[in-house]
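Per this note's numbering, the very first residue in the sequence shown carries number 115; after that it's consecutive.
Keep in mind the hints are simulated off the structure, nothing from the lab.
Accuracy of the hints is not assured; some may be wrong.
[Unchecked claim] Calculated cross-link-like contacts (lysine-lysine; reagent style DSBU-like; alpha-carbon spacing at most 30 Å):
# : residue 1 : residue 2
1 : Lys138    : Lys214
2 : Lys214    : Lys134
3 : Lys208    : Lys138
4 : Lys134    : Lys208
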Amino acid sequence: MFNYLIIFGCGAITYLLAEKCSNKTSPNWYSALITFLMCAMLNMVTTYLILSPFGRITRVDTVDGITEISYGSSAIFLAIIIALLWGIAFGFIKKNVDIKAQINKK
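Put together the whole structure using the sequences plus the hints.
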């Protein structure tokens, strides 16, 4: 249960940081919800792919067909760092930057 709170909490960190860095808001509530869920899933997959080769995440497939993933304390710390990095990256991607060039002939 706490795994999902960690995942969606980190998704909220990524979403809110991206909105704050870009100074843009989602036009409607369902677009914001989809973006939030995308951020949460991206954080979860990134954390899983980084920590899985080191054996810091345990994946158990039950007989019911349910896959259960248990994170350790290092995964919580890493998930927060990943959430911050993705939030900053999305903030810069969403931001409109005006670039002006001036060429002077001599």
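Comparing the hints with the structure gives:
For the suggested pair Lys138 and Lys214, the alpha carbons sit about 22 Å apart, so the restraint of at most 30 Å is met. Simply put, Lys214 and Lys134 have alpha-carbon atoms about 24 Å apart, close enough for the 30 Å limit, and the pair holds. With a C-alpha separation of about 8 Å, the suggested pair Lys208 and Lys138 falls inside the 30 Å cut-off, and the hint holds. Pair hint Lys134 plus Lys208 holds up; C-alpha atoms about 10 Å apart against a cutoff of 30 Å.
No hint from the list above goes unmet by this structure.
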